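Engineer: Spelled out, the chains give:
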Amino acid sequence: MNALRSILLRRETGIAVMIVLFVIAVGIAKPRFLSLEYLRIILLLTPLIMIGAMGQMLVLVARHVDLSIGSTQAFAAMVTAMMFKFHPEIPWYLGFLVSIGVGLGLGFVNGALTTLFRLPSIIVTLGTLNLYRGLTFIISDARQVDRQYIPSALKAMSTTSPILGIPWIIFMALGVALLTYWFASHTRVGRQVFALGSNPAAAPLRGIRVNAITLMVFSISGALAGLSGIMYASRWGFVNPSNTGAGFEFQVIAAVVIGGVSINGGVGSVLGVVLGVLLLGCVSAALPLLGIPGTAQSAIYGAVIIVALLIDRSVRQRGIAALAAQRARA
Amino acid sequence: MLKRHLLAGLAALGLAATFATGALAAHDFKVVYIGKNTGNPYFDSINGGFVDACKQIGCQYEFVAPATAEATSQIPIIEAQIQRGVNVIAIAPNSPDAMNQVLDEARAKGILVLAVNGDLVGNESHRDANILPVDFTKTGPNQVELMGSLIGYKGDIAILSATTEAPDQNTWIAAMKKTLAEDPKYKDMKLVATVYGDDQPEKSTTEMEALLSNYPDLVGVIAPTTVGVAAAAQVVQQRGIADKVHVTGLGLPSEMRDFIKDGTVKAFQLWSPYNEGWLAAYFADGVLNGTIKNEVGTKFDVPNLGSITIGDKNVMNTQAELTTFNADNIDQFNF
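So the protein lines, in turn, are chains A and B. Position one of the first sequence corresponds to residue 71 (the numbering used here), numbered consecutively onward. Position one of the second sequence corresponds to residue 17 (the numbering used here), numbered consecutively onward.
No lab work stands behind these hints: they were computed from the structure. Just so we're clear, the structure is a prediction, and the values are computed from it rather than from any experiment. Errors might be hidden in some of the hints.
Coverage of chain B stretches by chain A, computed from C-beta distances (three or more under 8 Å per stretch; other residues unrestricted) [unchecked claim]: (1) 51 to 62; (2) 220 to 226; (3) 270 to 278.
Where is the CB? At the ideal position from N, CA and C, for every residue including glycine.
Put together the whole structure using the sequences plus the hints.
Structural biologist: As C-alpha cells, this is what we get:
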C-alpha cells in the first residue's frame, strides 16, 4: 500500500498519466495516432530537445538557467557545417567532436561569467544568447549552409539504423539520458549538484566547490547544446544562421519544467524530464493531425503546457496533504 | 615661360578631368537593399544581382536586413539609411503598410524608393516603383499546371504554405483555388487541404506528415515556399513514397538539387531572384540620370534582360513566366 502510494506521489506518475490520457484522447479522434508510424514521428521530434533538456536540467537543479542553448546550438552547428563545406576531406564523424567542443567552450564562457563576476545566470545567458547568435551571423556571413554540403552519412543518422530501422539520433538521445541519469544519481559530483541547488548557502560548508560545480553544469549544458547542433544538421540537412536553434531554449525549458524540475533548484529527475519531452512531442505531432488550424496551434500548445503544470501541481498538493494526514494519524 | 604654359595646360587638364568625373559621378549613387530577414538564402541571390550590376554601373551598394521578418523590424533600418544619405532605398517589405510614414520621409528627402520582390499592396503611393520577378498572378496557375502534369491531372492534392498571413503565398493560393475551380482541364484534381508550416522545418515536417496520414489518397503536395517544399521533399524521401506522392512548389535550386538528383522531386518552379537585383540597379541608374522616365508605359533596355516595360502601378517584371527546374536543367543554376 505504501509502495503504491509512493509511486502515485511521484511526479513522474502524474506526467505519465497525462501522456497516456492525451494519447488515448487523440487516438479516439484519429486512430492513426496510435500507429507505429506515429510513434516514429513523435520520437523523431524529440532527440534535439531531449539532449538540450538533460543539460538544462542540471543547470536548473544547480539553481541557474541557461537561455543561450539555442544560440549555442546554432553556432556549433554553423562551425561544423562550414567545416564540412570548406574541408570536405575531413571525416564526417569528427564533426561530432567539433560541434561538442565548440558548445563546451561556449558553455564554459557562460559558467565563467556567472562565477567570476557573480552575475545572475539569467542575465549572463540572455547576453550570450544574443552574442552567440550574432557571432553565428558573423562567421557565416549571414549565409545558410545548404543540403549538398552536409555529408550523406550524417544525414542518414536521422533516417535509419540497423536496429529495427530506428534512426540513430533517437538512440543517441536515449544514451545521453541514461548517462545523465547515471551521473546525477550515481556519482558524488552529480549528487553535489543537487545539494548545491537545494541550499547554496550551506553548500560550501559541506565541502562543495560551488564555482567548480557551476562551471561544470554550464559546460555540460553547452556541450550538449553543441551535440544538438550537429544533430540539427543531420535531421534537417542544412544549417541556417537565423532558423537553427531559434526558440530552442523555450522548448527545452518548457519540457524540463513540465518534467518536474524546480526552477528554484535542487529538485528534478531524468525520468521526469524524458516524460516531459515526450509529452511535448506528442502534442506537437497531434495538433496538425487533428487538423487544428495553424493560427490556433501555438495558443493551444502554450495552453497545454500551462494545464499540464496546473494538473501536476494540484495532484501533488493533494498527495502531500494525504501523506501529512496519514502521518498525523500514525 | 614655357613652364608657365605647361602649368596652365596641366591645370586645364586637371579641370577637364574634374568635369569628366563630375559627369561620371551621377552613376556613383548609393543604393541599399533591405531584405526581409538575415540568413535567408533567397535574398543572397537578389543581393548578387545588385552587386554585379553595381560593378558595371559604378554605384555603391550595401545589403542590410533585420534579424526577424516582423512588420516593424525594417523601420529603424530605413531611418538609419536616410541618415546615411543614400540615394536609393530598395526594400522587400515585411508589411504592406507599417512603413508608409518612414518611406514618405525618405521620398521627401529625394530618395528613390523601390519595392523589390514584394509590393506595398494597397499603399503603392508610398514607393516610386515596384520590381517583381514575374507577374505574380501567373504563379498560381503555373503551379497548378505543373502539379497537373506530374499527376496526370487527376487525384487529391494539398497545399503546404508558409505562415497563415503571408501575403504573397495567400495571393497565389487564392489563384490556385480559382484555377482548379474554373478551368475544366483540372476538374479531376481535388484540393483536400491547405496547411501552414510557418517556414520552419520542424513545423513544415509535422504538417506534411499529418497530410499524409489524414489523406491516404493524396497524390500531390504543392508547397509555394522554399522552406516548405524542401521539408515536404525530405518527408517523401525518408518514407520512400516519391512514386506515389509528388511534391512540387517554389524552391531554390541550391536547396532542391539533391531531391531532384535522387528523383524525390521531378520538377519545381521559381524565377531568377538574381535578375530582380540586376534590374533594380539599372532602373535606379536610369531614373537618377534622367534616361528612364518612371511612368506607366515607359520601355527601356537592360543588359541581359532585354526590353522592360513599366506596367500598371509602376510595376516591372524580369520575366514573363515562371522557370521550371528539373533534372535536365538544374545544374545550369547556381543559386
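Engineer: Count the residues of the stretch 51 to 62 of chain B whose CB lies closer than 8 Å to any CB of chain A, then report whether that count reaches three.
Structural biologist: holds (count 6)
Engineer: Are there three or more residues in the stretch 270 to 278 of chain B whose C-beta lies within less than 8 Å of some C-beta in chain A?
Structural biologist: Coverage by chain A holds for the stretch 270 to 278 of chain B (4 residues, Cβ < 8 Å).
Engineer: Are three or more residues of the stretch 220 to 226 of chain B within 8 Å, CB to CB, of chain A?
Structural biologist: As far as the stretch 220 to 226 of chain B goes, the hint holds, because 4 residues have Cβ atoms under 8 Å from chain A.
Figure legend: structure checked against the earlier numbered hints; every hint is met.
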